[in-house]
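Sequences and hints are given; from them, build the entire structure.
Each chain, letter by letter, is given below.
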Amino acid sequence: GENVEQHPSTLSVQEGDSAVIKCTYSDSASNYFPWYKQELGKRPQLIIDIRSNVGEKKDQRIAVTLNKTAKHFSLHITETQPEDSAVYFCAATSMNTGFQKLVFGTGTRLLVSP
Amino acid sequence: EAGVAQSPRYKIIEKRQSVAFWCNPISGHATLYWYQQILGQGPKLLIQFQNNGVVDDSQLPKDRFSAERLKGVDSTLKIQPAKLEDSAVYLCASSSLIDEQFFGPGTRLTVL
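Quick note, the sequences are listed as chains A and B, same order. Each residue of the first sequence is one higher than the one before, starting from 1 at the first, in this note's numbering. Each residue of the second sequence is one higher than the one before, starting from 1001 at the first, in this note's numbering.
Rather than coming from a laboratory, the hints here were simulated on the basis of the structure. Bear in mind the structure is a predicted one, so any value in this text is a computation, not a measurement. Mixed in with the good hints there might be a few duds.
[Claimed, not checked] DSS-like cross-link-like pairs, simulated, lysine-lysine; straight-line CA separation at most 30 Å: (1) A:Lys42 - B:Lys1083; (2) A:Lys37 - B:Lys1011; (3) A:Lys22 - A:Lys68; (4) A:Lys57 - B:Lys1083; (5) B:Lys1071 - A:Lys42; (6) B:Lys1071 - A:Lys58; (7) B:Lys1044 - A:Lys71; (8) A:Lys58 - B:Lys1062.
Structure, rendered in structure tokens:
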């Protein structure tokens, strides 16, 4: 089955710096790669996603890149702000029983210091 | 649009007791998911419904967990009997035919 690895597990940056979180996946059939942000005690919320027919997608200060050959994708946050502090999860689709499901990474705790 | 609703938000029980969680997905979403999120880990899929049919329950501990989605709308997840290791946040999510999943606020279960 699909396995998604995520690094680093924790990331501390200064406000204004950039942050990069990387994920690798194992299922070559994966075609959808969302990123979720989860603040303490709250639900995961989708912040950006990318499909396998696209190499890069950007939305204001966040961007995601996908390398299908290497089976890895990354989240890039520029000009980080304290409110970016949260746990970030990557995920990749896995096909089982004819239906797609998401397999999540283990999460990256991002701390942005003022 | 209204989001995914879950109840209760918190539940504390003793081991070997039973507990049930309820989820109301976003209106019109055919697919419903139950995830278990243990502290410090990513969500793990327990069961996935397409309308009222189960399409994936490969990671559901069927000796103690059960779930149903009557009429293809609301869903309940039950644990009977609970173990200490079941302490976690149980998240419900729903999606339409596209990929994006919307999560509910979760139920935090503590088993003593």
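Results for each hint:
1. At roughly 24 Å between alpha-carbon atoms, A:Lys42 and B:Lys1083 fall within 30 Å of each other, so this suggested pair holds.
2. At roughly 24 Å between alpha-carbon atoms, A:Lys37 and B:Lys1011 fall within 30 Å of each other, so this suggested pair holds.
3. The suggested pairing of A:Lys22 with A:Lys68 holds, with an alpha-carbon distance near 13 Å, which does not exceed 30 Å.
4. Under the criterion of a C-alpha separation no larger than 30 Å, the hint pairing A:Lys57 with B:Lys1083 is inconsistent with the structure, at around 43 Å.
5. Taking the CA atoms of B:Lys1071 and A:Lys42, the gap is near 29 Å; set against the 30 Å cutoff, the hint holds.
6. The hinted pair formed by B:Lys1071 and A:Lys58 fails the criterion: a straight-line CA distance of about 39 Å is larger than 30 Å.
7. Of the supplied pair hints, the one linking B:Lys1044 and A:Lys71 holds, its CA atoms being roughly 21 Å apart against a limit of 30 Å.
8. Taking the CA atoms of A:Lys58 and B:Lys1062, the gap is near 42 Å; set against the 30 Å cutoff, the hint is violated.
The earlier numbered hints that this structure contradicts are 4, 6 and 8.
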